[in-house]
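Number of protein chains: 2
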Amino acid sequence: MDWEVITKRLNHLLDTQRHGELRGALMMLNEVDIAEFLQTLDKDKLLMVFRILPKDISSDVFAYMDNEQRQMLIECISDTEIAKLVDDMFIDDAVDFLEELPASIVKRVLQNSDVKRRAIINQFLRYPDNSAGSIMTIEYCEFRSGTTVAQAMTELKGTGIDKETIYTLYIIDQKRQLIGTAPLRKLIMANDETVIDTFMETNVISVKTLDDQETVAETVRKYDLMSIPVVDTENRLVGIITVDDIVDVIEEENTEDFEKMAALLPSDSEYLKTNPVKLALNRIPWLLILMISATFTGIIITNYEGLLNSTTVGIILTSCIPMMMDTGGNCGAQASTLAIRGMALGEIEFKDILKVLWKELRVAVMVGFVLAAINFARLMLFSGESMTVAVASVVSVSMFLTVLFAKSIGCTLPMFAKKIHLDPALMASPLITTIVDACSLMILFSISTSVLGI
Amino acid sequence: MDWEVITKRLNHLLDTQRHGELRGALMMLNEVDIAEFLQTLDKDKLLMVFRILPKDISSDVFAYMDNEQRQMLIECISDTEIAKLVDDMFIDDAVDFLEELPASIVKRVLQNSDVKRRAIINQFLRYPDNSAGSIMTIEYCEFRSGTTVAQAMTELKGTGIDKETIYTLYIIDQKRQLIGTAPLRKLIMANDETVIDTFMETNVISVKTLDDQETVAETVRKYDLMSIPVVDTENRLVGIITVDDIVDVIEEENTEDFEKMAALLPSDSEYLKTNPVKLALNRIPWLLILMISATFTGIIITNYEGLLNSTTVGIILTSCIPMMMDTGGNCGAQASTLAIRGMALGEIEFKDILKVLWKELRVAVMVGFVLAAINFARLMLFSGESMTVAVASVVSVSMFLTVLFAKSIGCTLPMFAKKIHLDPALMASPLITTIVDACSLMILFSISTSVLGI
Chain A
574 MDWEVITKRL
584 NHLLDTQRHG
594 ELRGALMMLN
604 EVDIAEFLQT
614 LDKDKLLMVF
624 RILPKDISSD
634 VFAYMDNEQR
644 QMLIECISDT
654 EIAKLVDDMF
664 IDDAVDFLEE
674 LPASIVKRVL
684 QNSDVKRRAI
694 INQFLRYPDN
704 SAGSIMTIEY
714 CEFRSGTTVA
724 QAMTELKGTG
734 IDKETIYTLY
744 IIDQKRQLIG
754 TAPLRKLIMA
764 NDETVIDTFM
774 ETNVISVKTL
784 DDQETVAETV
794 RKYDLMSIPV
804 VDTENRLVGI
814 ITVDDIVDVI
824 EEENTEDFEK
834 MAALLPSDSE
844 YLKTNPVKLA
854 LNRIPWLLIL
864 MISATFTGII
874 ITNYEGLLNS
884 TTVGIILTSC
894 IPMMMDTGGN
904 CGAQASTLAI
914 RGMALGEIEF
924 KDILKVLWKE
934 LRVAVMVGFV
944 LAAINFARLM
954 LFSGESMTVA
964 VASVVSVSMF
974 LTVLFAKSIG
984 CTLPMFAKKI
994 HLDPALMASP
1004 LITTIVDACS
1014 LMILFSISTS
1024 VLGI
Chain B
574 MDWEVITKRL
584 NHLLDTQRHG
594 ELRGALMMLN
604 EVDIAEFLQT
614 LDKDKLLMVF
624 RILPKDISSD
634 VFAYMDNEQR
644 QMLIECISDT
654 EIAKLVDDMF
664 IDDAVDFLEE
674 LPASIVKRVL
684 QNSDVKRRAI
694 INQFLRYPDN
704 SAGSIMTIEY
714 CEFRSGTTVA
724 QAMTELKGTG
734 IDKETIYTLY
744 IIDQKRQLIG
754 TAPLRKLIMA
764 NDETVIDTFM
774 ETNVISVKTL
784 DDQETVAETV
794 RKYDLMSIPV
804 VDTENRLVGI
814 ITVDDIVDVI
824 EEENTEDFEK
834 MAALLPSDSE
844 YLKTNPVKLA
854 LNRIPWLLIL
864 MISATFTGII
874 ITNYEGLLNS
884 TTVGIILTSC
894 IPMMMDTGGN
904 CGAQASTLAI
914 RGMALGEIEF
924 KDILKVLWKE
934 LRVAVMVGFV
944 LAAINFARLM
954 LFSGESMTVA
964 VASVVSVSMF
974 LTVLFAKSIG
984 CTLPMFAKKI
994 HLDPALMASP
1004 LITTIVDACS
1014 LMILFSISTS
1024 VLGI
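Chains A and B supply the protein sequences, listed in that same order. The first sequence begins at 574 in the numbering used here and counts up by one. The second sequence begins at 574 in the numbering used here and counts up by one.
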């Protein structure tokens, strides 16, 4: 059924106050879809529908709602209801939620949580933003070394339903150090009296609490994991991260790279929900920096005043400025994008820099030759009588050199940026255009001056 | 242990021909790491090490090797070995592998596969590239409606080890139509005589075989799924896609967007492994198109020859060309990146276009005002005596209007592109810069002409 039809029906049930039917209809939907429906409601209706929801799914729905709506809801419901909600959520969802709330509400929420859970949440809130610790969950299944299959199965049947995943079992020793993992499938296949140590995987891939979430995502992707254990500095198991959360991390990190490469300060919030002032503030810093840098390119132009004021050749060269700048910028962007992306995916490292440069130079020679040749032909064919072979050659040779320069700087700058621990996407991409602009005009003008003798 | 130390030791064992120890050492490593080690070896050593590997992990390792190496290996090993390898791989991995091979080798591989498997692989190879069908796997656990928990557990114990995931069970009716799913955890918690239908989830989220992989990834991400069933046009279950494959799809789609936004033709192959000619061919088309388009901007300049040749004001305006072009381009890129990314993440749809435009206009007014004001100050303070208030005002007002124009076109063009089923990243991003360039200069020159009366 079409989503529009569904919301129409739900709204109809809501407007005609047929709460029993509405509840029944909602129970047919996925929690994500229910949350999406709730987004469209005003405060009063939101509260009413939320209270209609069966208790066992309301905390799941709550986890999928966006922060504005959750805050609105929190303000309306009783302290007991808040406590129930937060206690029913997985720790990582609860922490995510609390991180976005004003301090006063966090306090109110925590006061209504039970003591043990409050302690855990407080500890989570202390992990730095975007660290493995801040996105992990503690709802996993751990077993002491020496547990038998029968014991493990009994325990699973008792507690498994509250765990975020029971499909990987974590085996720890006396000191709580992680010594192995076992997939649930092996437990199911094994005999009751087998000790889990016999089939556990001892070569465990784990991350540390303070590792950046980007590192976590890279590891999970590389090894095709469904979940990854998080350990403290002494290799004690403290949590796990499941791949569904990693999918969100990957999209978040990609969005950040897209934003940085477009000269935007990264932002966590959804575009349509961000207010214009905040959007403007995210954009102005880089625009200003790049605008000021572009004036240096202007200064180069001023320095060749004599050249540009010489009537016929001057106007031809001036009219080539956009083409030189754009082509240089595009060539640089192509090379830097491939380098930045290659590093993000772990395909390129700093030690490959000479290999990359050599490859880019060969590419640049081919690309530059094609562009220069076509440009030469265009200038000779379509530019009227004032065009001479000398001028067309000067422009074409400059084009060739600009491509060479743009490709070289485009691929190496991001790699150097990463080497000195600057973000390649941030440092390299918007700056490259500006650098290439200035240099392409310098190449054009200096060759013109020396060859044409103006 | 450090990866460099590990490879050093492995190489030492290999060079000194201590095959038993080498085999033991390799067994301590993850399959992904073994594949990484194999990448560093030459043909002879590769073959030797590969044959040393225990048979049960060699097909996993093979699945993680890159295509060049796999092809090298395939050429050296016997037909029986090939058949064994392909038969041991999951169907989706086997198909992935075969898709990249030359037809002659595919034929040889398929001839050595068993009849049933060959039929399945052939069917998979017929699904369009990047469709759900082409990335799905058939190794899943399905049960007829009416099966009891005890029956299901027995069946799982018998066959589960060969399934890519046993953690979601798929329930089908007499016609093989998918009627529900059940997480394994519920099976474990339930009593032996319970019928699985009683706890299955009937509101199943599935995709069709011909759906684009981007759609699949979006759905999996939205609903936080660990796997998603793939059905044919009559809702019959034909396969599943697990989230670890979705992670790769997401990165692939993101890379594609990055490439398109940098005016590159998308390419599947790793940068370092692509030959320069292919890289050059991926870059030349857009560079050419954009270079030619930039000549229109040049024509605009030529049209204002009189203005630009008037000594003092002319050179000031010429020196502002890079700044106007860069700032316009950057503003456009910011807006288009947010729109393209918002659409890719499903946060923005075409129906939001007026909301987006209205937001961008407000942002543009703020950004434009700040940039224009700072630009005015800069021109008045640092430009020497030839600068007049009139000229500085003209440049600043043009800057303001350029920002307004760039933001508007930047956010709307990608949305229109998507509306008419063109790729927003491809059509919009590189073109926007070119359009904005031309228009920003037109704004600057026409205002100059009318205000300064030249």
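Bear in mind the hints are in silico, worked out from the structure with no lab data behind them. Hints are not guaranteed to be accurate.
Which copy is meant is left open, so a pair is good if it fits within one copy or across any two.
To be verified - Cut-off 30 angstroms, straight-line C-alpha distance, at most; resulting in silico cross-link-like pairs (DSSO-like, lysine-lysine): (1) K581 x K680; (2) K581 x K689; (3) K689 x K616; (4) K689 x K924; (5) K846 x K748; (6) K748 x K851; (7) K795 x K657; (8) K730 x K759.
Quick caveat, the model's predicted, so the values are computed rather than measured.
Is the C-alpha distance from K748 to K851 at most 30 angstroms within one copy, between copies, in both cases, or in neither? neither (48 angstroms within a copy, 55 angstroms between copies)
Measure nothing new, just compare the shortest in-copy and cross-copy C-alpha distances for K689 and K616 to 30 angstroms and report within, between, both or neither. Classified as neither: same-chain Cα gap 32 angstroms, cross-chain 58 angstroms, threshold 30 angstroms.
Intra/inter-copy verdict for K581 and K680 if alpha-carbon distance must be at most 30 angstroms: neither (38 angstroms within a copy, 54 angstroms between copies)
Is it within a copy, between copies, both, or neither that the alpha carbon of K689 lies no farther than 30 angstroms from that of K924? Intra 48 angstroms, inter 47 angstroms, cutoff 30 angstroms: neither.
Is it within, between, both or neither when you check K730 against K759 at 30 angstroms Cα-Cα? both (16 angstroms within a copy, 9 angstroms between copies)
Can you tell me if K846 and K748 fall within 30 angstroms by alpha carbon in one copy, between copies, both or neither? For K846 and K748, neither the intra-copy (47 angstroms) nor the inter-copy (46 angstroms) Cα distance is at most 30 angstroms.
Treating 30 angstroms as the Cα threshold, decide for K795 and K657: within, between, both or neither. Between copies only: 25 angstroms across chains, 38 angstroms inside a chain, cut-off 30 angstroms.
How would you classify K581 and K689 at a CA-CA limit of 30 angstroms: within, between, both, or neither? Result: close neither inside a copy nor across copies, 43 angstroms intra and 48 angstroms inter.
Checked against the numbered hints listed earlier, the structure breaks hints 1, 2, 3, 4, 5, 6; every other hint is satisfied.
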